[in-house]
Amino acid sequence: MGYLVNRLIMTVITLFVILTVTFTMFRLMPGDPSVFFISPQMSTETIARIKAQFGLDQPIHKQFTNYLGSILHGNFGHSFFYKRPVLEVIGERLLNTIVLFLPAAIISYLVGVGLGRYMAWKRGGTSERVLIFTGLSFWTFFVPWLGLLMIWVLSYKFGLFPVGGMITPDKWLPGSTLLGRALDLLHHLVSPLVCYVLTWFAGNMLIMRNSMLETIGEDYILTVRAKGLSERKIRNKHAARNAILPVVTAFSMSIAYSIGGCVLLETVFSWPGIGRTMVDSVLLRDYPLAQASFILIATVVLVANLITDILYAYLDPRIRY
Amino acid sequence: MEMKKMRTIVIVTMLLCFGMVTALVIPSSAMAKESTVKIGLVMEPQTLNPLSAESEQNWHIIKMIYCGGYIDPRGLYAYTPKSLEWIPYMAESMPQWLDDKTVVVKLKKGIKWHDGSEFTAEDVKFTLDFFGEFEAANYYNTIDMLEKVEVVDPYTIKFHVKEKTTLLYYRTFMTLILQKAKWSKIVTEARKNEAPQKYIFNYVIKNPVGTGPFKFVEEKQGQYILLEKNDDWFLKGQTISTGDGGSVTYGPFVDRILFKFYGNLSSAVLALKGGEIDTIWHGLDAAFIPELKKVKHLTVSTKPYYHDVKFAGFNLREKPLSDKMFRKALAYAIDKDFLIKRLLQGYGTASDAIENPGLEFWYNGNVENYFRGKSEASRYSKAISILKEAGYTWDKEPKIEGSRVIPGVGIKMSDGKKVRTIEIITRTQATNPQEAQSAILISQWWKKLGVDTKTNLVAFPTLINNVWWENKFDVIVFGNIIEPYPVHLQYYFDVKEIYQYGWNVMAYKEDRYQKAMYDWLKVFDWDEARKGAFRLQEILADDLPHIPLFVLKNIHAYNHTRFKGWIEQYNGVVNKDSLSCIRPVK
Amino acid sequence: MAVLELKSLEMSYKTQEGTVRAIDGASLRVEKGDTVGIVGESGCGKTSIGLSILRLLPPNATIHGGQILFKGQNLLSLSGKDMRRIRWKNISMIFQAAMNALDPVYRVGDQLIEALVEHQNLTKKQASDKMEAVFQLVGLDPGRARNYPHEYSGGMKQRAIIAMSLICDPDIIIADEATTALDVLVQDRILASIEKIKAEFSMTMLYISHDIAVISEVCNKIAVMYAGNIVEHGDTMSLFKAPLHPYTQGLMHSFPKIHGKLERLEGIPGEPPRLTDSSPGCRFFPRCQQSLKKCNSIRPEFKEIEENHWVACHATRRSL
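Protein chains in written order, with the numbering used here: chain R, 1 to 321; chain X, 322 to 907; chain B, 908 to 1227.
Don't read these hints as lab results, they were simulated from the structure. Be aware that a few hints might be false.
[Unchecked claim] Cross-link-like lysine-lysine pairs, in silico, BS3-like; alpha carbons within 30 angstroms at most:
id, chain 1, residue 1, chain 2, residue 2
1, X, 485, X, 403
2, X, 527, R, 51
3, X, 769, R, 157
4, X, 640, R, 51
5, X, 483, R, 51
6, X, 885, R, 171
7, X, 403, R, 51
8, R, 62, X, 519
9, B, 988, R, 233
10, B, 996, R, 237
11, R, 51, X, 907
12, R, 233, B, 1148
13, B, 1032, R, 237
14, X, 469, R, 51
15, X, 640, X, 469
16, X, 907, R, 171
17, B, 1037, R, 237
18, R, 51, X, 817
19, R, 62, X, 513
20, X, 615, X, 541
21, X, 775, X, 720
22, R, 171, X, 775
23, X, 541, R, 171
24, B, 921, R, 233
25, B, 1031, R, 233
26, X, 615, R, 157
27, X, 503, R, 51
[Said to hold, decoys possible] Rough simulated footprint, nothing fancy, chain B against chain R, three-plus residues with beta-carbon under 8 angstroms:
id, region
28, 219–227
29, 235–248
30, 305–319
[Stated by the list, open to error] Listed next, the stretches of chain R that the computed footprint assigns to chain X, with coverage defined by at least 3 CB atoms under 8 angstroms from CB atoms of chain X:
id, region
31, 92–100
32, 159–168
33, 200–207
Where a beta carbon is used, it is the ideal one built from N, C-alpha and C, also for glycine.
Required output: the full structure, derived from the provided sequences and hints.
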């Protein structure tokens, strides 16, 4: 309990720091978003009046306190670029991103852990070398390049999957069945998901393999073997169960890292997620959107860390908070 | 536990495969039977609010719903589809001038808004008054020459103007008109708000109502927008002369338009090649042409891009760039043909005047072209001699040896002061590769003259800030928007536009140009106007506030096996007229 | 019939320095109710014998000769699956490194039950009862069964491991340095409880240790191991009274001085040979003070010189 409170306070402080840094960072760059609603032909007075309405005329510290105040009221402001409330812009896209990245992260994690486990168990074999080589090759692949290659082969050459997007509008018109919609979504999900898994499984795989190799040498593995347990039980119930601990930590780290990959993947597969919106918001000085996005990323990373800690404590009885 | 996990993975994988297969097999519903033009957009539109929409992809959609506007010059009046002469559009006849300050416009009867109500003079007056009251940035120039708008009867409007100029046609008579019934409620709310402009600007239009050929159906943010045909469109079934001897018959003949958004051009092109979409409403890179031409169901069309002429503009406020001779020497050093050949792979046209060479009626091809096409040695020797004549000296003078140019170092002005580093500012490579790469090449060419030049690639808001708002720049490489009628000859070069936020950022203020330009604005005769525009282009080519560089070819490709009757226009083959006229191929 | 019998067992490890002949002909008999101690210096192959019997050797080890007979059945010819059935149910083990022999992520009680349910078809209740019974047997509070290994002291862990080794009522328990890592006081207490259990259930044990004092306390028979060979095997009493092999003699000679670790024998000059060397003669030859000529070239046979007393030495002339 004390730990949780502690953790929560840390989270709030971290968020505040991130908020302050992003807020000032954007405003230190020359140029502000009034380019969107000011015409060069307007008189200076008109421009000043309009800028005032968007709060851009005030000194930075005033803008900052105003901003903090409205955030506490749950108001993240209006996006300058999308001209709608920031939460409305982010909301649906975030959901779309989650639809893609949660299953992708989990599958790449399971695949990585499964293969790492297998490799450690069969160490020294050809399959291990092949897996390490393939894993690392995909790992070092440039995501857009791999993505386009996949689109070219799977979607264009063989016509198996749509080129991009999340749904086929034809299949979502009124009158279409829920099953039809779900299948259509799945159909769109396959390529980006496979692309993600291919590029990210190697990390988990190698960590799992190393961790597993260490665990296999432990005395308690000899004990369970002496107990007459089957190889499968020894591997899964004891060796993998202990080896997974460092991989859990790596998982929360990889969530933070994969946000970068998320931008590229969404761009290549035209996935209507949050990644691209975030990049655009920074490039276009869309302060409200960019700030909200940064807070969002920070929250995701912090929450992922928190979940990892809790999970770790659950998985490893030696750790108690 | 682990075996179960493996089992789960296998089951999930099988489900995915199953999903894939079934999704292919399930017949798509209603839309399959109807004709739907599927158009890929490379950027997603952000808003359908015509007051705050500024980017091209927003306007592709807005202009199919409304008539007229900031990128769609089709309001009360329009241009003929090909010869680009003025014709009545929602107006019934050409405007009648009562005197130099009053003009009367009569509207067509029976034009309907998408909700079935009638389009009247009240809507026109409401719209212009609204723009005036709220100082809408996109429409600011539609109202700044109006004194008053008066409704004579539901189909007659009287405009009281500050003076009789052609600008009024382009600006006010072609503006977008909003529906009074819908917008007066929004305006009432805005007036009550403490930040009225902000309220209007951020107003989310969920269900736009216009008078255009297509009606809004639904939007899925970040994914698609669906429109359906407007059978009550006032031009439906009408045949209009294109002005070049041909004619077009307006539909719309397709049931729906689906705008689908792709995250990048490469995927959209693959979708086009694979038949997932029928066309892409976005200029394609030249690099795509060979592969697109190989696809049997596609037609590739190239037209010079009407939208902007790329230029290098000078800040004339300070020496040495305020020296015309210095600018001329810089102009001789630029190899436009190299830019076209290497940078654009031939898919562009060099421009000598600030006008689109594709608009043959307005483009003056006989202005001074600064040895375009001549050898490097001859261009540089001319540049060096001009500089010498104007009193410039060097630490080490550039020299011509045979066909080679030996670069100079440390150019000095006639007063012996060193010319400081010249900075070329432009948008980043990612935003606009042609501008960025041109800037880099130009800086190399100028360095050979001993002029220390560097490039500064910046984000768009920074560019606007430094150039337009603070006027802190030396040279800008950018694009000039070119309208079918050459109004840019006024607004990029008018002395009135020099003030802090004006368009004339170079601070160009030659009297002979100002006088010629104001005379030209009063010319309503088409051929006389052309002569005037030619003269203005000549003066600009001599004074060189800008060095025009090139226009890009606007490359469009479409699936000719699905729809026929596409119309090639100055802005490419994918345009509002095409979409209003194409028919499904049976 | 002996519960366990090794017949000239040969086993070697492949390492980068060459083949290590860790067990080079070892023979041994364990009768029902016996507690046989294997004693020898570190690295002489004691532990390898324990692992060989359960066939738990690492992948680089191979058994290339001899037999391991469990109730007359050669374990070396069993399939992996059949061998698995024998493990713990018939032959259980108390491991050397008690500190680490329990899986840290499972409750101690559950680890005991795991062994039980693997081999016997019991209900949860029955298994849990049995677990509690063995906990009590080794002097552990059954209430601590729900704790994790890190919550146990070293002595408690060792008791838990002993409890675990008992849980399937095995025919024989192999204890490998069962008490070595513990401090003397705890060690004594645990030895006492082993004694108690042994007496109560007439347990058959193979007790591996380098601590000759412990061995002499616990075992009724002793096998002396030197450099991969069992050089002498017989009753504890006769071995102590009249050791036959020169190495055993040295060992016994030094016994009064050492109580604890048998790192290096002060009574015998020289070092044990490297196990990678494969000289044809007696392994003890370089250090032997009674060596004959042939000792260097011919490996002495492991012969029963008296009843239930085997020796491998050319110099031993005593006959039955």
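Regarding the pair residue 921/B and residue 233/R, is the alpha-carbon distance no greater than 30 angstroms? Satisfied, since the Cα-Cα distance of roughly 28 angstroms is no more than 30 angstroms.
Starting from residue 541/X, check that the Cα of residue 171/R is at most 30 angstroms away, please. holds (13 angstroms)
Does residue 157/R sit within 30 angstroms of residue 769/X, going by the straight-line distance between their CA atoms? violated (49 angstroms)
Starting from residue 775/X, check that the Cα of residue 720/X is at most 30 angstroms away, please. Holds, at roughly 22 angstroms.
Hinted pair, alpha-carbon criterion (30 angstroms max): residue 527/X, residue 51/R. Please report holds or violated. holds (26 angstroms)
Do the alpha carbons of residue 1037/B and residue 237/R lie within 30 angstroms of each other, as the hint requires? holds (23 angstroms)
Are residue 62/R and residue 513/X close enough, with their CA atoms no more than 30 angstroms apart? holds (25 angstroms)
Would you mind confirming whether the straight-line C-alpha gap from residue 988/B to residue 233/R stays at or under 30 angstroms? holds (13 angstroms)
Three-residue Cβ test at 8 angstroms for the coverage of the region 235–248 of chain R by chain B: Coverage by chain B holds for the region 235–248 of chain R (3 residues, Cβ < 8 angstroms).
Between residue 483/X and residue 51/R, does the CA-CA distance stay at or below 30 angstroms? holds (28 angstroms)
Straight-line Cα separation of residue 62/R and residue 519/X no greater than 30 angstroms? At roughly 19 angstroms apart (the allowed maximum being 30 angstroms), residue 519/X and residue 62/R satisfy the hint.
Given hint residue 237/R paired with residue 1032/B - CA-CA distance at most 30 angstroms: holds (22 angstroms)
Violated hints, listed in ascending order, are 3, 4, 7, 11, 12, 15, 20, 22 and 33; each of the other numbered hints is respected by the structure.
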